[in-house]
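**Student:** Dock chain X against the given chain B, drawing on the hints supplied.
Number of protein chains: 2
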Amino acid sequence: MRIGLIAPPWVAVPPPGYGGTEMVVDLLARGLRDAGHEVLLAAAADSTCPVPLVPGTAPADPDAMNTTETALAHAVRAYGAMATMDLVHDHTLLGPLYRHRPAGVPVTVTNHGPFTDTTRTIFRAMAPEVAIVAISHDQASRAGDVPIARVIHHGLDVAAIPPGAGDGGYVCFLGRICPDKGVLEAIGIARAAGVPLRIAAKMRERSEHRFFEECVEPALGGGVEYVGEVAGQRKYELLGGAVALLNPIQWPEPFGLVMIESLATGTPVVGTPQGAAPEIVRDGVTGFLAPVGELAALLPRAAELDRSRCRSDVAARFSAARMVGDHLAFYREVLASRS
Amino acid sequence: MRIGLIAPPWVAVPPPGYGGTEMVVDLLARGLRDAGHEVLLAAAADSTCPVPLVPGTAPADPDAMNTTETALAHAVRAYGAMATMDLVHDHTLLGPLYRHRPAGVPVTVTNHGPFTDTTRTIFRAMAPEVAIVAISHDQASRAGDVPIARVIHHGLDVAAIPPGAGDGGYVCFLGRICPDKGVLEAIGIARAAGVPLRIAAKMRERSEHRFFEECVEPALGGGVEYVGEVAGQRKYELLGGAVALLNPIQWPEPFGLVMIESLATGTPVVGTPQGAAPEIVRDGVTGFLAPVGELAALLPRAAELDRSRCRSDVAARFSAARMVGDHLAFYREVLASRS
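Chains B and X are the protein sequences, given in the same order.
Per our numbering, the very first residue in the first sequence carries number 18; after that it's consecutive.
Per our numbering, the very first residue in the second sequence carries number 18; after that it's consecutive.
In case anyone wonders, no lab produced these hints; they're calculated from the structure.
The beta-carbon is built from N, C-alpha and C at its ideal position, and this holds for glycine as well.
Watch out, some of these pointers could steer you wrong.
Claimed, not checked - Stretch by stretch, here's where chain B covers chain X in the computed footprint (C-beta under 8 Å, at least three residues):
1. 71–85
2. 112–118
3. 135–145
Extracted from the complex, chain B is given alone in its bound form (with noise of 0.2 Å):
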């Protein structure tokens, strides 16, 4: 088959920092390539993941995060190089309503966001001639009127992630800094139990400075610590070592890639029930889900949690290789279904 795919432009596929969406794309277009299908990858243009590139896109530009100019300009360039492909699976919110797409291609898109007002606005313009696809079952039920036509969930390459030991006395916080994500209320958390908390997140955007210098750091000290942005290696290093992954989100988070990166190094996760976390962590067995208020209680029961199965379990539910074999799958019938 041949496969188009279409990054977002502002960040390079694989990331070289925070960046869900182009990991995701990255393993995607990894597994297709190695499933013996022919990629063509439209992202930024210092994109280094292995298969062949879109040519003439605009270098990764993270301040132009979101903006109109350059998702039309990175729509054109893709779409113009995408007439030979069988399909076309978009992971850009704008693609899919570019006007001169090649006629003939069908195209796919994955929501990687949440379902709003605006956002069904959007996918709703959509749905007559694009099949839609969820990554958590938490946000399809969100997607009122607008169809899914799968849902599939995100994976991550197992092998690649070093297990932990969990053996550093401290639990994690990993994400952005922003009251969705939690990470006064992990703060809250680990205080109540007496454990250290590391914060890894992200802080570029004005309002995450602004909230990190109001709310967050005079929060800090007592065994509290912000360790800045952190990725890679080094990422799987400070999960690896954390009792648990605090992770009480505050909003229906539509996947949630830090719970099966958490569990690929072992280590459990103790948060709230909300959005797809509840499809990630099995209760009792790779983590603890409950409300806020309860979660200090049962964080250091974390520690007797079978780390091996936390693992074994993203190994078995949240592979790469599932998560590329669910996409095959789909795209055979889209093509099946237009026949």
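**Tutor:** What follows is chain X alone, placed relative to chain B:
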């Protein structure tokens, strides 16, 4: 004629503060209506322009400025209401490339921004089916291989702008706090000429605040004053009381509404001959255009220029009536070329 106008979604029409595109769309909508045409306007929900508005749009949200999600949802809603129009005139970047526009309704677009590599890529993709309007000959000269169907200068409702006496004993700068607009050059010129300078400028974005704090604020004092962002009658009072508008722009600005606003109050323009400035200012008659280094010497001579001539020249060449007439003639040609 039934004419659909699509304004950007970030700022209401007319704009409560800074917002050149929204001011132009407001005057165009009123003018077309007054000429007996049926106008349907897609704009932020809190717009007060007295023509029928497309229902269901979102309220203005300057924080969402230029973001893909807001632009996409706006295009979906706007074009969803345009099926019965004879012609759509789009003032957004995304709309003309939106996939599901009503079939058979011709679309024209005005580029309100500069032609750059990125925007040329975008307009080139539109060109086969959308007639592109430029707002100055200078802007059009930078379009490269993008075909420009017509140049139509902006216009103003000159009768609604009170003439000023230019007797305030100061010069003024009006724009945004950014290097391109030449605010630092204006300070240097006013200082060298020994004339008080009032700076009225938008400062909302992070980059604007940073530039103000690092470069502009240290240069204030000694007759140089920052008076904040001004709009409406306060803006015209400030302009009308000035001996001259100092407009030493440092980039090829596609138009420069502030120049015709200043001239409409009778206040000459002293600035650099960049972008559309030579199309707007009659050098030696309604202002002086020269390199930055020569402007301090020219500034005192602005007081010798005929203020009534400044106003009458704008009334003759940059009236809303002329702008509306140019658009109607253009719309008729677009429709005629299709039948």
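**Student:** Now tell me, hint by hint, if it's right for this structure.
**Tutor:** Verification of the supplied hints:
{"no.": "1", "hint": "71–85", "in the structure": "holds (count 4)"}
{"no.": "2", "hint": "112–118", "in the structure": "holds (count 6)"}
{"no.": "3", "hint": "135–145", "in the structure": "holds (count 6)"}
Hint compliance for this structure: no hint is broken.
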